Structures are given as C-alpha cells and as structure tokens.
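Those protein sequence lines, which keep their order, are chains A and B. Residues in the first sequence are numbered from 1 upward in steps of one, following my numbering. Residues in the second sequence are numbered from 1 upward in steps of one, following my numbering.
No lab work stands behind these hints: they were computed from the structure. Here the structure is a predicted model, which means the values were calculated and not measured. Virtual Cβ for every residue (Gly too), placed ideally from N, Cα, C. The hints are all genuine.
Derived lysine-lysine pairs resembling PhoX-like cross-links, with alpha carbons at most 25 Å apart: (1) A:Lys78 x A:Lys153; (2) A:Lys74 x B:Lys176; (3) B:Lys84 x A:Lys74; (4) A:Lys78 x B:Lys164; (5) B:Lys84 x A:Lys54; (6) A:Lys74 x B:Lys164; (7) A:Lys78 x B:Lys176; (8) B:Lys164 x B:Lys176; (9) A:Lys155 x B:Lys164.
Derived DEER-like restraints, expressed as beta-carbon distance ranges: (10) B:Ala93 x A:Val214: 40 to 48 Å; (11) B:Thr188 x A:Asn10: 27 to 35 Å; (12) B:Val62 x A:Ala109: 37 to 45 Å; (13) B:Phe159 x A:Gly217: 50 to 58 Å; (14) B:Val62 x A:Asn130: 41 to 49 Å; (15) A:Pro71 x B:Gly166: 17 to 25 Å; (16) B:Leu61 x A:Ser15: 55 to 63 Å; (17) B:Leu61 x A:Thr107: 35 to 43 Å; (18) A:Thr107 x B:Gln263: 58 to 66 Å; (19) A:Ile16 x B:Pro117: 56 to 64 Å.
Away from chain A, derived, C-beta distances all over 12 Å, residues of chain B: (20) Ile51; (21) Leu58; (22) Pro59; (23) Ala98; (24) Asn107; (25) Asp125; (26) Met153; (27) Gly155; (28) Ser221; (29) Leu222; (30) Ile279; (31) Arg280.
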Amino acid sequence: MAMLKVTDLNVYYGSIHAVKGVSFEVNQGEIVTLIGANGAGKSTTLNTVAGLLKPRTGGIEFEGESLVGVPAHKMVTKGIALCPEGRRVFQDLTVRENLEMGAFTRTDAESAEMRKVVYERFPRLKERRNQRAGTLSGGEQQMLAMGRALMSKPKLMMLDEPSMGLAPILVQEIFDIIKAVNEMGTTVLLVEQNASMALSIADRGYVLETGRVVKTGTGAELLVDDDVRKAYLGG
Amino acid sequence: MGFISNLINGISLGSVYAIIALGYTMVYGIAKMLNFAHGDVIMVGGYICFIAMNNLGLPPLVAVLLSIVGCTCLGIVVERLAYKPLRGAPSLAVLITAIGVSYFLQNMALLVWGADPKAFRSVLDLPSIKLFDGQLTVSPISIVTVLACVAIMVGLTLFTTRTKMGKAMRACSEDKGAAQLMGINVDTTISMVFAIGSGLAAIAGVLLCSTYPTLMPTTGSLPGIKAFTAAVIGGIGSIPGAALGGIMLGIIEIFAKAYIGTQLADAIVFAVLIVVLLIRPAGLLGKETREKV
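Taking the hints into account, I'd like the entire structure generated from these sequences.
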C-alpha cells in the first residue's frame, strides 16, 4: 500500500485552476520527484498535501488516513514535514532556535537527541548554532531548513525546490544529503526544477505540465525519455 | 529637589506607558495588527479593580488579580469575536474593527458604570516616603509601578527567548506559514498574545488609576494613544523598545508639564514622535523591515 496517495486533486487560487486532477503515489522508502516547469503546479500540490492550501476536490491519503481538512499545524504529528520553497528559516531566531522549532511537537529530550543527529549531518550548523539564521549563506540556510524539517523525525519529508538559487557545488551537496536522509529510512517527496539532478536520485518521477501529470516512470526511464529530455533537460 | 521629584514622577508615569506599550508591541509583533482597543482594556481593568475593592470589599491584591483575569478573558473574547474572523483581511479592515471595539468598550462602560468619574482608591494604602527632611516625597505606588514595569519587561524577555512557547511566538511573528509547518498552532499563539497583552493592560490600568485616581469610561483612551506612540518611538514589535519609549515619553510629558506648560505637554509628546520618526523611521530600537517580495 502506498504511504501517500493523492487522487484526482484539484486546487484553485481564486478562479485559477492551478492543479487539475493530479494523482500520484509515494511508497514507503522511496524518493519520488515531481518535475516540471515554473507554474506547472508542483509547489501547489506540495503545499496542498502539507495543509497550507485546501483542495477543491480530490483525495489525499497518508498511511490510509485522509489528510483533507487536516490543518497544516497537525501534519508534523502525522509524520509529514515540508521543507518549503525559499527555505523560510526564521531569520531572527538563532540556528539552534530554528531547530528547536522544527521539533516543536516533540518533547525536549527528543528535541535534544534530534539536534545531535542534525548537527552530525550538518557540522556547519553546529558551528553556527548561536548565530541568527538571517546571517547564514543561502546554502547554509537550505541546510538549516532541511535540518529543521528533520527535527520532527518525519516519516515523509517533502522538499520544495531545495536547489533553488544555489551554486552547482552546493546543489550536489544538497542532493547527496537528500539521498543520505532517504537511506536513513525517511521517505522523500521532492519537487524540483532541476530535473536532471532530481531524476538521478529519484526512484520514480512524475512530470507535471500546466497542472496535469503528463508522464510518469522511474527516474532512470524519465532521464532518457525523449520528451522529458527536450522539455526539461536541455535536449 | 523639584527636578528629582519630577524625574521620579516621569519614570513612574513612563513605566505605566511602558507596560501598556509592551502589550501593544507584543500584539503587533505577532498578530501584525494595531489593537486600538488596547487602551480601553486598561479602563475595564480599572473598573474591575474598583468594583472588587469598593463594592465587593475584596482586599486590593485579590482585586488586582481579578482585574488581570477579567481583562485576560476580555482580550481572548475580543480577539475571537472581532479579529479572528478578519484573519487574512486587509489591514485597514482590521484597524477599523479595532476602533469599533474601542468605542464599543467605552460605551459599554458608560452603560454599565455610568458617566460619573469614580474616585479610585489606591491599591497600595501606605504613607508617602519622605526623604531629605521632607523635601522629596515619593509615593509607594510610584516605586511599585517602576518595579512592576522592570519585572514585566524582564519576564517578557525571558519568556520570548527561553521558553518554547515564547520562541514559537517569535517564529509566528516572522512567518506564520512556516510556523504552521513546525506544528505551531497560529490561532492559539495569537490568542495567547492577546491574553498576555490584555493582562498587562489590567496591571497598567490599576497602576494608572492608583496614581491618577479618576476613573471614567474614557480613562484609557489618551494613555492608550500615548503608549502606542511610545511603542512606535521605541520601534514597534521590540520589547526593550516599548519599555524605552514608554519611560522616555513619561519623563518628557512630566518635564513639559513642569517647565513648559500643562497645555503644551501633549503637543510636545507627539512632536517627539514626529522628530523620532523623521530621523529613525523604524523607531529607536526597531529593525529596518525588509519588504517581502
């Protein structure tokens, strides 16, 4: 059974039909990616699963339980964390405080334990733990956003454009981390414009175009698919 | 001695402004709205304390606690009924609603307690302290007011920097969407900040009426506006800023009254606001706000 099952999802911004009947599944232990151009509805889909947006129609099931109507702040307790587009770390809070917020629903002991794990994975965050998050570089802020999402020990971690605005060397590092997080047992749903990177680490991918799923396959299949190559991988 | 006496009165009045301004600034910081009814909560706090002491004959300390509890509840109810339905509405709509709530509270007070000013009995029934062979008189309520202000400021600072809930408030203040993703219930957080702000308003009301013992339905209006001014001067959203702005304003007001003229005092207070905003638009301790794109 799929861990996350999205069926015929329709989301509107006022009168704009942004997501038009999107369906996809994420199985336990997988990395699944939604790729597509700007405005294809990838982030909207993710934000809807996270409860930040309400779908007009359609189903979202996580571990057999419907998530439709569950408010965003209840999602972490269900085991879902979203690392949002543009990182959105709390600039005025220190690195450590940001991580503490990530474990808001956890006990202090769990929070301290997870902080250790996160500091091990991201040594830079440990070095800068008492620094305000706003003073970090873009790459460090992305790591903080990912670390913060991990703090809740999610079963499913959703990442929205983690490579946006980062230098190529950092992009590689971020994707290595995503793989490592997945190998530790966290299921990953990844939204990316950087299709080649995303497909290279993904078990499966879905291609979105103007709010619809137009193609699906394994990461390897999509990487060599002619249409996908032409549209998203620069020929 | 006149100077020192004025300074003490100024700091004491300023401490009341600071306590009110702390409420303003906390609510603004998290809910991003100017709660213009905040001053009227002060007045309600004064009335609750007055009735508890005079009509029910309760001891002052119990009356003050009752006043705090009453105002805290009032703050939560007002937020639920008047402001929560407007979450996501344009800020002008929220502002007008706040002004409406202010009129509502004043007129309710008029209806319930009447227009006659009530002579508020100080919650602190102690003789004044005479220093320097009686040349300098300090009222105990002044001392209590200043101590209360310091305690509240320190308490709020510790709360927002040391406790999980306080940090969550700061997170909400910055990015409500991201805060929700952390599992923080934004509605609860906003309720809580209204509760804190209104509880502070009750304390301010009791202290204000103990120093200036005339209580009527409009008692809270002008101190409310001045405290708002203080919060803006200090940098709205900033806790030390509110305290600094409040105490500054209190000192300026008393000095202006003593050395320039009673009629001009309020004009001078607001002139200071204009000057500060011309030089530092974000307020003395305020942060330059980055426009979100």
